[in-house]
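There are 2 protein chains.
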Amino acid sequence: MNIENTAADWLSYRPEIRVLDCTIRDGGLMNNHHFEDRVVKAVYAACTASKIDYMEIGYRASRKDIQMGEHGCWKYCLEEDIRRIVGDSIGGPKLSIMADAGKCDYREDIPPKKDSVVDLVRVACYIHQIPAALDMLKDATNKGYETTVNLMAVTTVGDRELNDGLAMLAQSEAQAIYVVDSFGALYCEQVRRLVAKYLMYARAEGKEVGIHAHNNLQLAYANTIEAIILGANYLDATMAGLGRGAGNCPMELLLGLLRNPKYNLVPVLKCVEETIEPLRKQLGWGFDLPYMITGLFNQHPRAAIKFNAATERGDIADFYEAVTEAH
Amino acid sequence: MNIENTAADWLSYRPEIRVLDCTIRDGGLMNNHHFEDRVVKAVYAACTASKIDYMEIGYRASRKDIQMGEHGCWKYCLEEDIRRIVGDSIGGPKLSIMADAGKCDYREDIPPKKDSVVDLVRVACYIHQIPAALDMLKDATNKGYETTVNLMAVTTVGDRELNDGLAMLAQSEAQAIYVVDSFGALYCEQVRRLVAKYLMYARAEGKEVGIHAHNNLQLAYANTIEAIILGANYLDATMAGLGRGAGNCPMELLLGLLRNPKYNLVPVLKCVEETIEPLRKQLGWGFDLPYMITGLFNQHPRAAIKFNAATERGDIADFYEAVTEAH
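Just so you know, the sequences run in chain order A and B.
Under numbering that gives the first Met the number 0, the residues of the first sequence are numbered 0 to 326, in order.
Under numbering that gives the first Met the number 0, the residues of the second sequence are numbered 0 to 326, in order.
Some clues are possibly wrong.
Pairs count within a copy or across copies, as identical chains cannot be separated in the list.
Claimed, not checked - Dumping the calculated EDC-like pairs for lysine to aspartate or glutamate here, alpha-carbon to alpha-carbon at most 20 Å:
hint, residue 1, residue 2
1, K280, E311
2, K269, D36
3, K40, D80
4, K280, E160
5, K142, D163
6, K63, E78
7, K113, D314
8, K93, D80
9, K142, E79
10, K280, D138
11, K269, E311
12, K269, D314
13, K137, D87
14, K269, E324
15, K93, E145
16, K305, D104
17, K137, D287
18, K261, D114
19, K269, D317
20, K280, D158
21, K102, D138
22, K102, E311
23, K112, D64
These aren't lab readings, by the way, just hints derived from the structure by calculation.
Working from the sequences, and respecting the hints, build out all of it.
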């Protein structure tokens with residue numbers, strides 16, 4: 000890495016960078032997607048005023064056998080729900096929905112683009128679901144959407160499998176392939192290695208690379224910076240870092256870093272202060288020892304979420320022992 | 000940077016690394032050094048059980064013209080106060096005090112080492128105080144102490160001045176020279192550049208380099224990792240990140256990273272959970288938008304501390320405007 004060159008780049012910017020806000024989508028994992036319209040509207044307004052490129056408003060998930068009221072509407076993102084927030088969406092960010100492989104009846108539930116206010120379908124899959132993801136990417140592309148793909152939990156994937164998976168995804172219709180640190184377990188050095196690898200596969204096919212980080216080790220922002228330096232151009236962030244467990248890369252830090260004058264930090268500051276921070280106590284995201292411990296041992300945060308949801312807080316040493324034994 | 004080599008190093012450790020806990024010293028800036036003995040004893044016990052190398056228990060500051068009760072005893076660290084906590088300190092961490100250039104009557108207030116339970120005198124100075132710091136380092140060394148030097152607020156120092164300053168400090172008695180990011184304004188790339196520079200001056204004289212980071216941009220831990228990778232061996236951290244403003248590099252993250260089997264994370268987890276986190280509401284350290292904003296613009300956190308101490312929280316957009324105008 001040439002330190003002098005990167006220092007020179009510090010004052011300029013890359014117009015290719017795209018910032019995606021996934022506050023409501025990832026944050027929905029902390030409240031079963033039950034956000035009041037007021038909150039969703041405030042995030043949309045902040046994205047609009049800050050010139051954030053994309054806003055991911057939720058999931059599109061199968062509605063077969065659902066139980067009324069169990070999940071809020073942002074698990075399904077019906078067109079009517081989205082339009083209630085964004086109106087005709089003129090002048091706002093492009094809109095994104097996430098569709099999980101195996102959890103979405105995409106053939107029926109995703110209409111042709113001409114009938115939708117959504118611009119981007121982000122397909123999320125685990126390594127063994129790549130064939131399903133490829134079908135979903137083709138379906139959404141044929142219907143007229145932009146598409147990207149999030150290969151989740153990359154820290155659990157071996158190098159050989161990852162190479163094969165990236166070779167398959169590089170042949171897909173997706174315009175970007177994301178490095179996804181679902182467990183918040185990556186150190187900066189590992190991010191550098193992964194982004195370099197993803198870029199090798201993606202760039203050969205004219206695709207971009209993205210980064211979606213979690214903050215279990217207080218490295219979500221640092222890892223996002225490393226990914227930017229290496230050449231990742233699709234950047235996920237959320238207001239106040241709201242997201243599952245320890246949360247995501249905070250949008251306020253990311254916009255504070257980016258030098259593109261089109262972005263505007265102040266509406267994000269106001270959204271964080273007035274709308275998102277007041278939810279922290281109830282939703283309980285953010286850095287905390289249990290999330291740190293699952294991150295340290297590269298585990299899904301579900302044990303930590305359970306520990307934090309208990310009425311009475313348990314013993315942290317016992318939790319540590321349980322996680323290291325399960326390891 | 001050879002990525003393959005650093006990956007291989009990931010599983011080993013450097014026995015030269017020294018971890019210094021400065022929870023009570025840096026945290027004292029949030030409560031005028033008024034810690035109950037219970038808290039100081041808990042930190043000391045955790046350092047002992049975790050095999051942390053040094054514990055910095057406070058400042059040694061001039062007691063001329065002091066007003067009784069204005070500051071707690073950890074601003075002065077009288078021998079009797081320290082001994083009340085550590086007893087004869089056998090089996091515990093080495094003990095450190097910080098002495099600020101211009102704020103310490105070091106000739107009288109620092110006794111010969113044989114009369115003190117303190118092991119290390121850390122001299123802190125701004126760039127223009129280096130001549131005073133050199134005197135202090137000589138005095139403490141002659142009295143029998145280990146010494147290190149913290150050149151504060153390095154982000155405000157020009158390259159030419161810094162080179163001259165480092166050349167002077169390299170000739171001092173200090174065993175280590177610290178990169179100190181007082182304003183929490185450094186990005187990882189800048190840390191790499193600074194640590195490389197400090198190492199060039201320090202290693203030529205057989206000295207080590209240290210890192211003392213602040214968390215205004217959620218980069219204290221990430222920056223500490225970068226410094227370690229480059230070769231810094233003296234690492235400052237605090238329990239739960241307790242420290243001025245946005246706080247410091249969290250000890251729980253640092254010990255979670257280091258591979259030296261002598262360190263033990265669990266006593267730190269318990270100290271954070273049982274003793275330090277319960278103080279957060281009253282002391283108010285940690286990442287927060289006002290600290291982020293002063294960090295972004297490389298300013299002392301005092302405006303942010305004032306904003307956060309106000310009975311009623313002000314408007315964050317107004318604060319942002321005030322800081323950028325002052326910039």
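Against the structure, the hints come out as follows:
1. K280 <-> E311: Both: 15 Å inside a chain and 19 Å across chains, each within 20 Å.
2. K269 <-> D36: Cα proximity of K269 and D36: one copy only (17 Å, versus 40 Å across).
3. K40 <-> D80: Within one copy only: 11 Å inside a chain, 56 Å across chains, cut-off 20 Å.
4. K280 <-> E160: So K280 and E160 fail the 20 Å test inside a copy (40 Å) and across (47 Å) alike.
5. K142 <-> D163: neither (27 Å within a copy, 64 Å between copies)
6. K63 <-> E78: within (17 Å within a copy, 71 Å between copies)
7. K113 <-> D314: neither (54 Å within a copy, 42 Å between copies)
8. K93 <-> D80: This pair counts as within: shortest intra-copy Cα distance 16 Å, inter-copy 61 Å.
9. K142 <-> E79: Within one copy only: 19 Å inside, 77 Å across.
10. K280 <-> D138: For K280 and D138, the Cα distance exceeds 20 Å both inside one copy (40 Å) and across copies (51 Å).
11. K269 <-> E311: between (33 Å within a copy, 16 Å between copies)
12. K269 <-> D314: between (37 Å within a copy, 8 Å between copies)
13. K137 <-> D87: Neither, since 27 Å and 72 Å both go past 20 Å.
14. K269 <-> E324: Between. Shortest inter-copy distance 18 Å satisfies the 20 Å Cα cut-off; intra-copy 43 Å does not.
15. K93 <-> E145: Intra 10 Å, inter 59 Å, cutoff 20 Å: intra-copy only.
16. K305 <-> D104: neither (29 Å within a copy, 53 Å between copies)
17. K137 <-> D287: neither (40 Å within a copy, 43 Å between copies)
18. K261 <-> D114: Close neither inside one copy (30 Å) nor across copies (62 Å); limit 20 Å.
19. K269 <-> D317: Intra 39 Å, inter 10 Å, cutoff 20 Å: inter-copy only.
20. K280 <-> D158: neither (39 Å within a copy, 44 Å between copies)
21. K102 <-> D138: Intra 15 Å, inter 70 Å, cutoff 20 Å: intra-copy only.
22. K102 <-> E311: Classified as neither: same-chain Cα gap 33 Å, cross-chain 46 Å, threshold 20 Å.
23. K112 <-> D64: neither (26 Å within a copy, 75 Å between copies)
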